[in-house]
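**Q** So the sequences go chain by chain: F and D.
Heads up: the first sequence begins at 83 in my numbering, then just goes up one per residue.
Heads up: the second sequence begins at 8 in my numbering, then just goes up one per residue.
In short, the hints are calculated from the structure, not lab data.
With beta-carbon atoms standing in for the labels, derived distance ranges: (1) Glu79(D) / Leu444(F): 52 to 60 Å; (2) Thr28(D) / Arg331(F): 57 to 65 Å; (3) Leu87(D) / Glu235(F): 35 to 43 Å; (4) Ile409(F) / Asp45(D): 39 to 47 Å; (5) Thr28(D) / Pro116(F): 27 to 35 Å; (6) Glu352(F) / Thr28(D): 51 to 59 Å; (7) Asn119(F) / Glu79(D): 42 to 50 Å; (8) Lys473(F) / Gly65(D): 35 to 43 Å; (9) Glu79(D) / Asn441(F): 51 to 59 Å; (10) Leu87(D) / Lys473(F): 37 to 45 Å.
Note that the Cβ used here is the ideal one computed from N, Cα and C, for glycine as well.
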Amino acid sequence: MSPDRNQEEIVFRGIAASPGIAVGPAYLFQKHVPVINEKTVDPEGLEAEILRLRSALDRSRRELSKIYDFAKQKLGEHQAKIFEAQLMILEDSVLFDSIDSRIRNERKNVEFIVHDEIEKYRKVMVAASDEYTRERALDVEDVRNRILRNLQEEKLISKLEGAPVIVSQSLAAADALILSRNTILAYVTEVGGVTSHSALLARALKIPAVVGLRHLIASVRNGDRMAVDGYSGVVVVNPTAATVDEILRKQTRYKEFEGKLAGLRDLPAETPDGRRVELTANVELSEELEFIKIQGADGIGLYRSESMLLGGEVFPSEEEQYEEYRIFADTMYPKRVVIRTFDIGGDKIMGSQTTRESNPFLGWRGIRVMLDRPELFLEQVRAILRASERKNISMMFPMISNIKELRKARQLVQDAKGQLRARGVAYDEKIRIGIMIEVPAAAVIVEDLAKEVDFVSIGTNDLIQYLLAVDRGNDVVSDLYQEFHPAVVRFLRRIIDRSKESDIPVAMCGEMAGDPLATILLLGLGLDEFSVVPAAIPEIKKIIRSVKYRDAKKIAKKALSMITEDELKKYLTGVMKEYELGVE
Amino acid sequence: MIEREVTIRNRAGLHTRPAATLVKLAAKFKSDFMINKDGFEINGKSIIGVMTLAAEQGSTLLLRFNGPDEQEAAAAIQELFDKAFDEPL
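Construct all of the structure, not just a fragment, from the sequences and the given hints.
**A** What follows is the structure, encoded as structure tokens:
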């Protein structure tokens with residue numbers, strides 16, 4: 083290590099994917115890419131080659147069975163299916179008979195033949211026109227590399243020395259699972275989003291994680307000290323003593339803060355002057371529910387049902403969906419659960435039959451897809467209705483942009499109810515139906531939409547992107563993504579005021595709802611429900627319980643008069659200080 | 008030798024689960040079983056082979072059976088395709 087590397091710390095900013103703070107040595111986790119040499123084998127050595135293959139297959143099978151069982155236990159049957167296919171390939175007698183005979187006929191080493199033979203299939207799959215088959219090529223590659231690694235008698239990296247920070251380009255679900263059996267301080271990856279499978283897993287396992295750290299790996303060597311802040315998304319390589327001190331102090335502050343907040347668990351999200359709001363959680367996996375209950379949530383404000391499709395290879399049937407929704411309904415009962423119908427892009431269900439969209443954000447997604455495939459939509463709606471038997475389920479449609487879509491979706495709900503009645507199945511006749519307000523057009527006509535729904539929920543992530551015409555995944559313009567842009571704040575006021583003309587509750591389930599800096603403003607604008615990441619619940623509750631509604635309204639009014647984001651943020655930061663809120 | 012033309016009827020296509028069912032059923036017969044899709048042919052008793060087919064809903068496959076129990080094999084496998092692997096259409 084060069085001396086200047088010791089002195090200079092490098093700061094990376096990524097996306098905070100799972101909260102927590104960690105300082106520890108880096109462990110660079112890389113995909114095993116075997117090096118294959120072609121060798122000629124003496125005739126008397128051929129049987130030994132074949133025996134070597136047999137024992138490598140045995141070891142691979144044992145490894146995969148373990149991963150499969152572990153995945154079933156951590157993620158459930160449906161998501162574990164991806165590993166089942168790999169197990170079957172290991173049992174493919176046609177494949178391995180032809181590998182055996184090639185070894186005998188060509189007198190080549192087993193590594194070379196295994197690689198060459200499986201590569202034939204992989205190449206065909208990579209070139210396939212449908213996404214599903216191309217994804218399966220990754221399974222084939224994975225299983226091939228597993229066999230090759232076992233041939234070279236290298237161990238599966240599943241036991242790690244000490245407690246490292248895992249640094250990797252991306253993290254496959256299988257790897258994240260296996261690694262999590264060790265004490266992992268944190269996961270940091272170059273690619274991935276907040277809803278990527280490894281991010282979900284990190285949250286379920288309560289391991290701090292930061293994703294989207296571009297060009298990180300080039301600056302990290304094994305054993306380098308890493309400081310990871312899973313709250314803010316900052317990762318520091320070779321931090322100075324001062325940085326480590328600072329981040330550890332932050333950790334202490336957070337722990338103390340969390341300790342104090344824990345006392346709030348059973349108290350309502352209510353202002354000192356009696357304005358009670360709902361504080362609910364956004365959730366992807368049923369594994370998160372226990373944590374959500376511990377956090378003292380008033381219910382689930384957003385269940386992203388499309389997370390059922392992650393990793394699973396088949397569109398889940400009505401029965402499979404019902405079973406999953408039922409877990410949510412039962413675990414949270416008597417608290418409320420809002421199930422958002424699949425918010426997916428068309429490629430999820432149509433594979434290659436869809437033409438590639440040049441602008442998927444403005445394309446075939448959300449309710450648009452589901453209304454075009456009513457049989458899929460009806461299946462989901464029936465599953466949701468069946469899970470609503472105990473009357474604690476609501477249904478929400480994403481990406482609504484006009485009244486017609488809402489009416490069509492509601493008509494399909496009526497049809498689904500009729501089908502269930504005909505089947506003699508119980509459901510909640512008065513199930514509450516709401517929509518996401520995330521397309522600006524829906525915000526503009528929200529007074530009309532509000533007359534035909536039981537609630538609305540503002541999806542700020544998309545709403546802000548559409549309103550400001552900024553793709554926040556695009557580095558060049560991501561600075562222009564401003565939660566506190568005056569246009570956003572004024573738009574929110576409009577949505578809340580106009581919805582209330584119809585006396586329906588207004589929720590928010592975008593990231594902004596969980597941003598402490600926005601809480602007083604949103605409270606003052608009259609928001610009725612904050613649906614946030616589970617980890618944020620105590621802090622948001624604390625803020626709500628500290629500020630009188632009367633004062634929050636005044637603060638919101640003042641904020642509405644401001645004309646730059648900087649001014650707004652400075653003002654709100656000042657307000658937070660006045661109330662002695664926040665961690666600092 | 009027997010040839011049969013079949014169409015993939017289930018919504019999800021010949022994905023891993025039906026592929027597994029197909030391969031397991033084919034293994035019960037002694038006869039060779041080949042699947043041809045658009046001129047590309049694979050051994051129907053091999054899961055990795057069937058995975059390469061990328062046979063979506065609506066695709067047509069040509070099945071070839073050759074061996075002592077080809078009649079029985081053809082009938083059993085034809086039935087599996089006819090009932091769309093017991094999956095949603």
